[in-house]
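Here is how the chains run, residue by residue.
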Amino acid sequence: MRNDLVLRVVGKLLIPFILLFAIYVQFHGDFGPGGGFQAGVIFAAGIVFYALIFGLENARKVVPDALVEAMLAAGVLLYAGVGVAGLLLGGNFLDYFVLDADPIHGQHRGIFWVEAGVAVTVCGVMLKIFYMFAARGDGATGLGE
Amino acid sequence: MSLSAHLPALQVVLPLLSAPLAVLLRHGGFACAVVTAGAWAAFAAAVGLWLQAGEVGVVSYHIGSWAPPWGIEYRVDRLASFVLLLVSGTAAIVLPYSRASIEREIPREQHYLYYAMFGLCLAGLLGITITGDAFNIFVFLEISSLSTYVLIALGRDRRALAAAYRYLIMGTIGATFIVIGIGFLYLMTGTLNLADMAERLRDVESSRAVLAALAFLTVGISLKLALFPLHQWLPNAYTHAPSAVTAFLAATATKVSVYVLIRFWYSVFGESLVYVELPLPRIMLLLSLAAMFAASFTAIFQDNLKRLFAYSSVGQIGYITLGLSFDSIDGLTASIVHLFNHGVTKAALFLLIGGMVIGLAKSGTVPPAPTFDRLAGLAKRMPLTCFGIVIAGLSLIGVPGTAGFVSKWYLIVAALEKEQFWLVGAILLSSLLAVAYVWRFVEVAYFKPAAEGTTRREAPLGLLIPAWLLVIATIWFGLDTSFTVGTAAEAAQQLVRVGK
Amino acid sequence: MELLAHFSHVVAVFLMVAGLYVVMARGNLIKKLVGLSVFQTSVYLLYIAPGKLIGGTAPILAPQYGLYSNPLPHVLILTAIVVGVATLALGLALAVRIREAYGSIEEDEIIAADNAAEEARP
Numbered sequence: 001m002r003n004d005l006v007l008r009v010v011g012k013l014l015i016p017f018i019l020l021f022a023i024y025v026q027f028h029g030d031f032g033p034g035g036g037f038q039a040g041v042i043f044a045a046g047i048v049f050y051a052l053i054f055g056l057e058n059a060r061k062v063v064p065d066a067l068v069e070a071m072l073a074a075g076v077l078l079y080a081g082v083g084v085a086g087l088l089l090g091g092n093f094l095d096y097f098v099l100d101a102d103p104i105h106g107q108h109r110g111i112f113w114v115e116a117g118v119a120v121t122v123c124g125v126m127l128k129i130f131y132m133f134a135a136r137g138d139g140a141t142g143l144g145e
Numbered sequence: 001m002s003l004s005a006h007l008p009a010l011q012v013v014l015p016l017l018s019a020p021l022a023v024l025l026r027h028g029g030f031a032c033a034v035v036t037a038g039a040w041a042a043f044a045a046a047v048g049l050w051l052q053a054g055e056v057g058v059v060s061y062h063i064g065s066w067a068p069p070w071g072i073e074y075r076v077d078r079l080a081s082f083v084l085l086l087v088s089g090t091a092a093i094v095l096p097y098s099r100a101s102i103e104r105e106i107p108r109e110q111h112y113l114y115y116a117m118f119g120l121c122l123a124g125l126l127g128i129t130i131t132g133d134a135f136n137i138f139v140f141l142e143i144s145s146l147s148t149y150v151l152i153a154l155g156r157d158r159r160a161l162a163a164a165y166r167y168l169i170m171g172t173i174g175a176t177f178i179v180i181g182i183g184f185l186y187l188m189t190g191t192l193n194l195a196d197m198a199e200r201l202r203d204v205e206s207s208r209a210v211l212a213a214l215a216f217l218t219v220g221i222s223l224k225l226a227l228f229p230l231h232q233w234l235p236n237a238y239t240h241a242p243s244a245v246t247a248f249l250a251a252t253a254t255k256v257s258v259y260v261l262i263r264f265w266y267s268v269f270g271e272s273l274v275y276v277e278l279p280l281p282r283i284m285l286l287l288s289l290a291a292m293f294a295a296s297f298t299a300i301f302q303d304n305l306k307r308l309f310a311y312s313s314v315g316q317i318g319y320i321t322l323g324l325s326f327d328s329i330d331g332l333t334a335s336i337v338h339l340f341n342h343g344v345t346k347a348a349l350f351l352l353i354g355g356m357v358i359g360l361a362k363s364g365t366v367p368p369a370p371t372f373d374r375l376a377g378l379a380k381r382m383p384l385t386c387f388g389i390v391i392a393g394l395s396l397i398g399v400p401g402t403a404g405f406v407s408k409w410y411l412i413v414a415a416l417e418k419e420q421f422w423l424v425g426a427i428l429l430s431s432l433l434a435v436a437y438v439w440r441f442v443e444v445a446y447f448k449p450a451a452e453g454t455t456r457r458e459a460p461l462g463l464l465i466p467a468w469l470l471v472i473a474t475i476w477f478g479l480d481t482s483f484t485v486g487t488a489a490e491a492a493q494q495l496v497r498v499g500k
Numbered sequence: 001m002e003l004l005a006h007f008s009h010v011v012a013v014f015l016m017v018a019g020l021y022v023v024m025a026r027g028n029l030i031k032k033l034v035g036l037s038v039f040q041t042s043v044y045l046l047y048i049a050p051g052k053l054i055g056g057t058a059p060i061l062a063p064q065y066g067l068y069s070n071p072l073p074h075v076l077i078l079t080a081i082v083v084g085v086a087t088l089a090l091g092l093a094l095a096v097r098i099r100e101a102y103g104s105i106e107e108d109e110i111i112a113a114d115n116a117a118e119e120a121r122p
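Residue numbers (the working numbering), protein chains in the order written: chain A, 1 to 145; chain B, 1 to 500; chain C, 1 to 122.
So that you can see chain A by itself, here it is in the shape it has in the complex (with noise of 0.2 Å):
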């Protein structure tokens, strides 16, 4: 699909509305549908479109494969830190009212560093499992097809 004019410039001109658009949805989770594994996901899908146009090598220069494996694991360690947080602040492990001097904003501040903690890992893997499948079609395994 790399030398198809028109879906190079919709995809061009799509891709930074589709980022946008995952953050939207990320930030909007408070007050209605949305955030962080939908955010994630939409994410993810704004680069694997990218990927499907440009190519995989291009992508992977875009968001190389350390990264994915770094945002893997950081989400998971962003989430366990905001518990960890509230066990420091002196409450339960993954409690939110000692993170702020009122609770009910405290609420807020926990929900939202949790979420972002899904989104960067499930942006993470949903980038790795499209990374690992589509490599492996590249006649590196004598299976390309």
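FYI, nobody ran anything at the bench for these hints, they're computed from the structure. Errors might be hidden in some of the hints.
What the hints assert, rightly or not - In silico contact screen, one side only, chain A against chain B (beta carbon under 7 Å); selected entries: (1) Ala73; (2) Leu77; (3) Ala80; (4) Asp102.
Stated by the list, open to error - Chain A is nowhere near these chain B residues, computed Cβ spacing over 10 Å in every case: (5) His6; (6) Val13; (7) Val23; (8) Val47; (9) Leu51; (10) Val56; (11) Ile63; (12) Ala195; (13) Pro229; (14) Asp373; (15) Val390; (16) Ile397; (17) Leu461; (18) Ala473; (19) Gln494.
Virtual Cβ for every residue (Gly too), placed ideally from N, Cα, C.
Got chain A; can you put chains B and C on it based on the hints?
Chains B and C only, in chain A's frame:
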């Protein structure tokens, strides 16, 4: 902040944290250090919880400070603390062993992923044990199962892939059955907290949906614990997984599933539903007997030592479930003791076999499968390893002085108490089958002539020491039963008292 | 009309049995995974359907609404979906690796290849 108040959370969180850290570090050695530290910390937490549960009976911890039944509760009673000790203790011993063993079995660039998966599997198993929330059990079950499939697929033989795939299919069916069961329970009671559920079930008892839930849960968990005839995934998975993985799984995965079964039977449904409404004990009795005989009999004819002891595991699980079918405190005690003792014995056995195959291979090559034709006269070459296997084998048979004897003794006492004298005969008869398969190893290793010019060359020390620690534990728990039987009896009494 | 009243359960049970049948009856590793996914999906339905109240709104407190749908099943099933996706991805990855190692994704051919290798060993 006092540390001891947060032990239930730390118990799961520390190994869970070690897994992503291992991925971030991307280096086999560092990853090993981090995950091992996580496992040792978990073991320390388990010891702390065991002491706490001994003092206060039930330790309850509210995740996120949301009080149950709305929030997720971590709940450690006597039984949970006992299983936590088994799981984290095995991990703490197997992980240092992995360092030397996977060097030869897994490509170097995958080492950090192995440790990450191990950390996740450990966190999942600990989570299943500690949580007091039905859906949480499913989530932790899947965390541990998914990482287990990966760990099995890391085996060098291509059959490891097929075995992992098969386990994935059967395991997922089992897990889905469990969710269906939990779904029915949730529909009937409107709660997911196990203690609350038990409370509310009393009002809706013997509704058909509740019985369906009980059936789904029992079948699903039986798949996971490899109850005969749902054990088809187990032999291949144990045979082809890397040896450290086999040892860890044999000691923990099926045992934690037994724990889940006990938890649902005694803490949620209660005796009247399980033992009176449905003919579950009779089915359990028949299947346990079938496992004790059929699986042990199959074991005798295996050519691969790992496979032989995998079938023996299926047979030994039969003893554990046999104790459950009695519906008595003594039977439950025997089950819990055997769950622990068999875990320790099998871990020792598979660790020794892992060391043995590495000792058999030339340095730097992939270790061969431990088939009997390669083991002729092995006792000359590796006397310590073979002696260890013989001791663990004696424990499988149930010879006095080993851990296996203690649990079989209590099983027989429970059978006598029920005045089921023929069962005593059945237990002794199936022990004879164990004699037969252990004897096959003894005959080949001790009485067949070794190849010319065999010199003494033991398995590497890094493998021998953890394995022998467990062998010594096998003897220790055979001689001093105050810890194992004492805790199990307290756990059984606590379960039955609450269930009434 | 008994059947219609339990419409959602009838669908769920049909999907459950159909999925389980595909898992057991098909030898193709990919088809087995498809069956497994259908089987898991039926459980999502089993949870979600009773959570919906006709006329109920999302459980956001507001003075003009009094009837709320239960949000808990959705949250549980969101988790179960993630687990299902992870299982499917891992299953497919294993199928790819099996194809590379055996040259086939038919179960009987894989078993035959294993048996042949077993007999070839002296």
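Comparing the hints with the structure gives:
| no. | hint | in the structure |
| --- | --- | --- |
| 1 | Ala73 | 4 Å, holds |
| 2 | Leu77 | 5 Å, holds |
| 3 | Ala80 | 5 Å, holds |
| 4 | Asp102 | 15 Å, violated |
| 5 | His6 | 6 Å, violated |
| 6 | Val13 | 6 Å, violated |
| 7 | Val23 | 4 Å, violated |
| 8 | Val47 | 20 Å, holds |
| 9 | Leu51 | 20 Å, holds |
| 10 | Val56 | 17 Å, holds |
| 11 | Ile63 | 5 Å, violated |
| 12 | Ala195 | 18 Å, holds |
| 13 | Pro229 | 35 Å, holds |
| 14 | Asp373 | 34 Å, holds |
| 15 | Val390 | 44 Å, holds |
| 16 | Ile397 | 45 Å, holds |
| 17 | Leu461 | 33 Å, holds |
| 18 | Ala473 | 32 Å, holds |
| 19 | Gln494 | 24 Å, holds |
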